[in-house]
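So the sequences go chain by chain: L and C. The first sequence begins at 1 in full-length UniProt numbering and counts up one residue at a time. The second sequence begins at 1 in full-length UniProt numbering and counts up one residue at a time.
Hint data in this document are derived by calculation from the structure and do not stem from the laboratory. Built from N, CA and C at the ideal position, the CB exists for glycine as well. Heads up, some of the hints might be wrong.
Stated by the list, open to error - With a cut-off of at most 25 Å between alpha-carbon atoms, the simulated BS3-like pairs for lysine-lysine come out as follows: (1) C:115 / C:8; (2) L:85 / L:166; (3) C:115 / C:77; (4) C:115 / L:166; (5) L:166 / C:8; (6) C:111 / C:77; (7) C:77 / L:166.
Unchecked claim - Stretches of chain L that chain C covers, calculated by requiring three or more beta carbons in the stretch to come under 8 Å of a beta carbon on chain C: (8) 154-161; (9) 232-246.
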Amino acid sequence: MKWTRAVLPPVIVGVLAIVAWELTVSLGRIAPFILPAPSAIWKELVAQRQNVWEAALASGTNALIGLIAGAALGILVAMAASRFKPLTEVSIPFAAVLNALPIIALAPILNNMFESTSSIPRRLVTAIIVFFPVFVNTLRGLREVNPIHQELMRTYAASGWTFSVKVRLPGALPYVFTGLRQASSLAVIAAVVAEYFGGLQTGLGSRITSAAAFTAYPRAWAFVIGACLLGLVFYLTTLLLERLAMPWRTRLIA
Amino acid sequence: MSAVVVDKVTKTFNRGRTDEVTALSEVDLTVADGELVSLIGPSGCGKSTLLRLIADLIQPSTGTVTVAGQSAGQARKEQAYGIAFQQAGLFEWRTVLRNVELPLELRGLSKRERKARAEEMLTLVGLEDFAGHYPAQLSGGMQQRVAIARALAVQPPLLLMDEPFGALDEMTRERLQSELLGICTQTGTSTVFVTHSISEAVFLSNRVVVMSARPGRITASITVDLPSRDDAGRQSPAFFEKITEVRQALRGTPAAAPPPRASEGAAAGTDAR
Ligand SMILES: Nc1ncnc2c1ncn2[C@@H]1O[C@H](COP(=O)(O)OP(=O)(O)O)[C@@H](O)[C@H]1O
Ligand SMILES: [Mg+2]
């Protein structure tokens, strides 16, 4: 009951949007290179499903490796930075400025640093992009400790290590997951877009560019749909992990 | 040996700045072993500050605090006291049971001992059915009871409590008062109990210490000796006499007026707020 009430409205809106799209394209006679009809995209998606699946797997692997590496680094650096107050003060504005830079622009440069068959530049770009949201959020979480918790642990004569493990880290977990949620979507975007700049032709990004180059627009859109689904899978998996890691949270997105 | 000796303690916050506050001025307080002392006074008079000084959560500007014959800092390191604050301060990622277990965990008790003791304490505060719940699933009063169970779990020789029953309904409050008294007399625990309820102070205490504000200082120390500390004790003339005496001390008028008879006292409000 509660579940259907949460799921039904977006589904209805989604179906209506697709119907409106189909009608607009067919009745308005919009050229297919501007916007193909959903039915045409769907036909391509079914025909190309094996290719879409393989391309999604290739891009997904890059996104996952980049996500794990960037997130692990972000968490570790945040932990190190939170140990030293001056470092924290410096690193937050620094990270914010770096975060505002279009890091994806590094992709062609990184591509030239490695062999053309290497997946490493894509994973690197992904890891760098993922690093910032995870780092900034984790650091904020580590810094915000309930003062009563701090005093209680003092009365228990807890060591710095015990305090970190039992209070600081679990207290920061909601913030870490806020960062990871942002990072999971970013990872897929980064991995796909990084493929636009050449290199291996296995992933969704390179399939999109080559289909577009052959003016096969419905096919390009079929791969775009694949990229959307891949991003969704990453995001939902992160939500699931969040649920499992924090059973005390009663609301999913707080 | 006294459980707590506070000797000529002055506490000034933000010293030398424009927002300097003298929270306590030349305070002397001795709590004998096994004694239950209540601190009562208008809000802002430094009750919490005094309690936190005893707990070594803050340091006195001048004067010394001795707990169980040691410096307050040493006593804290040896975990010589249990403490409950105004806010429950539970760890939201731990279940109720694991919250109560935490101080035991840090003392290195085995898993089995910890669980048994924590369950015992939860039964005491009437929350044995909520052991597996998370704090967010509990009402404010229930959370406060968990915090009290946590403070009692280590069975400390000294209990420091800062308005622990303030958020509870009257029924629970009276039950927990009796439970606390039972524990303290059974185990010989010394207790410093901050409250703003006159009746609570009189009912619980061997001694009620009355404080005044700006700067915080002790203005009276009233020894209470009720015939019994149960429902009969709550009805006794001695109980109402002491309530009047504390109220007058709080107002700053000398206790010259004759104490009212029990029937009149019963109708009077007993809250210091
Ligand atoms: N950490 C602090 N910094 C500055 N002033 C404080 C601090 N703690 C308490 N005070 C001040 O000390 C006085 C006594 O506070 P407190 O002990 O909390 O009073 P009570 O518990 O009796 O209501 C108040 O004026 C309060 O503003
Ligand atoms: Mg207070």
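Comparing the hints with the structure gives:
no.	hint	verdict
1	C:115 / C:8	violated (42 Å)
2	L:85 / L:166	holds (20 Å)
3	C:115 / C:77	holds (24 Å)
4	C:115 / L:166	holds (18 Å)
5	L:166 / C:8	violated (37 Å)
6	C:111 / C:77	holds (23 Å)
7	C:77 / L:166	holds (18 Å)
8	154-161	holds (count 5)
9	232-246	violated (count 1)
In this structure, the hints that do not hold are numbers 1, 5 and 9, in rising order.
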